[in-house]
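So the sequence shown is numbered by the working numbering: it starts at 152 and just counts up by one.
Warning: the hint list may mix true and false statements.
Dumping the calculated SDA-like pairs for lysine to any residue here, alpha-carbon to alpha-carbon at most 25 Å [to be verified]: (1) Lys345 - Pro490; (2) Lys345 - Gln188; (3) Lys345 - Gly518; (4) Lys345 - Thr509; (5) Lys394 - Leu433; (6) Lys319 - Val238; (7) Lys343 - Leu274; (8) Lys439 - Glu170; (9) Lys439 - Ala480; (10) Lys439 - Glu522; (11) Lys343 - Asn201; (12) Lys343 - Asp538; (13) Lys394 - Asp171; (14) Lys343 - Ile353; (15) Lys345 - Cys243.
These are calculated hints, taken from the structure and not from any lab test.
Since the structure is predicted, the reported quantities are computational estimates derived from the model, not experimental observations.
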Amino acid sequence: MALFERDHDIYRDRDALREDYQPEELVGRDEELQTFQAALQPVINGEQPNNVFLYGKTGVGKTAATRFLLRHLREDAAQYDDIELTVVFLNCDGLTSSYQIATNLVNQLRSESNQISTTGYPLASVYEMLWSELETEGGTVLIVLDEIDHVNDDSILYQLPRARANGKVEDVKIGLIGISNDFSFRDDLSPKVKSSLCEQEIHFPAYNAMNLRDILQQRAEVAFHEGVLSSEVIPLCAAYGAKDAGDARQSIDLLMKAGDLARDEDTDRILDEHVNRGRRALERGRIKEGIHGLTEHGHLVLYAVLTLDQEGETPVRSRDVRPRYTRFAELANRDPLVPRRMRDHLSELAMLGIISVTERNEGRRGGTYREYALDMDVDLILSAMEDTVELVGVHGSISDRYDEDGLDEEASPRHDSTPGPTPNDGPTLDEF
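From just these sequences and the hints, can you work out the full model?
This is the structure:
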């Protein structure tokens, strides 16, 4: 008997649930697609392309919409003899400087045998190489910078949109498409960059439960055999996704996890219990992965928000997070970051979905500000922050979750905002 045999009971095409799957149609984004399509129309007209800036939370269809429309744009442009279209797609995750982006763009435009090192050149020299490669490419070049908010300086965001106007290139028309998960990224751009990059802005709001049902139904028809899904599976996955900031990727991942659990159990039906178990497993993994990737100060900021949440003080403004964060940094023998850098960590936590952020506008007198609240299970967060809690100490607001051996993961989670009693044994922090 073979050790590995093909499964034919659950999946017809499991790859339809993967992130790189491109459906024939995008559902739930008609208005955004129409605006985006209009912004790309100058390419077909042979005109200078618009610079487009897309923003919205993770998993709301920004990258999918971009890939979908650019695929059609390339196909349609091929029908015209006077249009030469090149699309360069670069994900900026892990790239923090204009230098790194510029070298990566040069290498994408060059052959494998003519790559340059990503270190060792003056930035001006790298830009000259980039202009040369773009001129050689000619025609229209659309450069897509996904997760653009990872970049700490905006030099490249000024240089690319204005390369033709500044005489850096002559025979190539450059269009820049920036995609950001961070709402505050645009606000931090310099005025000269903002005027160039943000010619056309498109906001992608969170999906609602009905949008997510349609998306999941579309994928399920391709991924699963007929009759495999019980009637409650898609509505349940959609409801969880709508609760988790309207994230389609999380809903699709949950549907696939439920399918995998059913397949592993050798059943022929996917039930709501598979969805619930799958959600717990995914949430544990996602929280731990996100938190483990944070810097030490990111952990301290998260610990501050978490303890304020347990005291019923959230939603909370960054200025009210700062005293708690500063105290924790001092207890950890670390120099506190300046307020702006602390806010950067809050933005990163929001982007990861660990905390939520709400923008408030109180007019002229109150101004505009952001409020933050915890958006994940407290015990899951604490289990991924054991080193930070040990370094700083157990705060009184979470002391009831700990016994003498550390975090008691068997204890029932507390959902109320009233601080628990401080136990006699084990290190705890005084209230302040």
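Going through the hints against the structure:
Taking the CA atoms of Lys345 and Pro490, the gap is about 23 Å. The hint holds against a cut of 25 Å. For the hint linking Lys345 to Gln188, the alpha-carbon distance of about 21 Å falls within 25 Å, and the restraint holds. Of the supplied pair hints, the one linking Lys345 and Gly518 holds, its CA atoms being roughly 21 Å apart against a limit of 25 Å. For the suggested pair Lys345 and Thr509, the alpha carbons sit about 23 Å apart, so the restraint of at most 25 Å is met.
Of the pairs offered as hints, the one joining Lys394 and Leu433 holds, with about 15 Å between alpha carbons and a cut-off of 25 Å not exceeded. Distance check on the hinted pair: Lys319 and Val238 sit about 19 Å apart at the alpha-carbon level, within 25 Å; holds. The straight-line distance between the Cα atoms of Lys343 and Leu274 is roughly 20 Å, inside the 25 Å bound, and the hint therefore holds. Distance restraint check for Lys439 and Glu170: the Cα-Cα separation of roughly 21 Å lies within the 25 Å cut-off, and the hinted pair is therefore satisfied.
For the suggested pair Lys439 and Ala480, the alpha carbons sit about 22 Å apart, so the restraint of at most 25 Å is met. Distance check on the hinted pair: Lys439 and Glu522 sit about 24 Å apart at the alpha-carbon level, within 25 Å; holds. Restraint check: the Cα-Cα separation between Lys343 and Asn201 comes to about 16 Å, which is no more than 25 Å; the hinted pair holds. This hinted pair does not check out: Lys343 and Asp538 have alpha carbons roughly 43 Å apart, beyond 25 Å.
Proposed proximity of Lys394 and Asp171 is supported: the alpha carbons are some 24 Å apart, at most 25 Å. As the CA atoms of Lys343 and Ile353 are separated by approximately 19 Å, the hinted pair is consistent with the 25 Å bound. Note on Lys345 and Cys243: the hinted pairing holds, with a Cα-Cα distance of about 19 Å set against a maximum of 25 Å.
Violation of the numbered hints given earlier is confined to hint 12; every other hint is satisfied by the structure.
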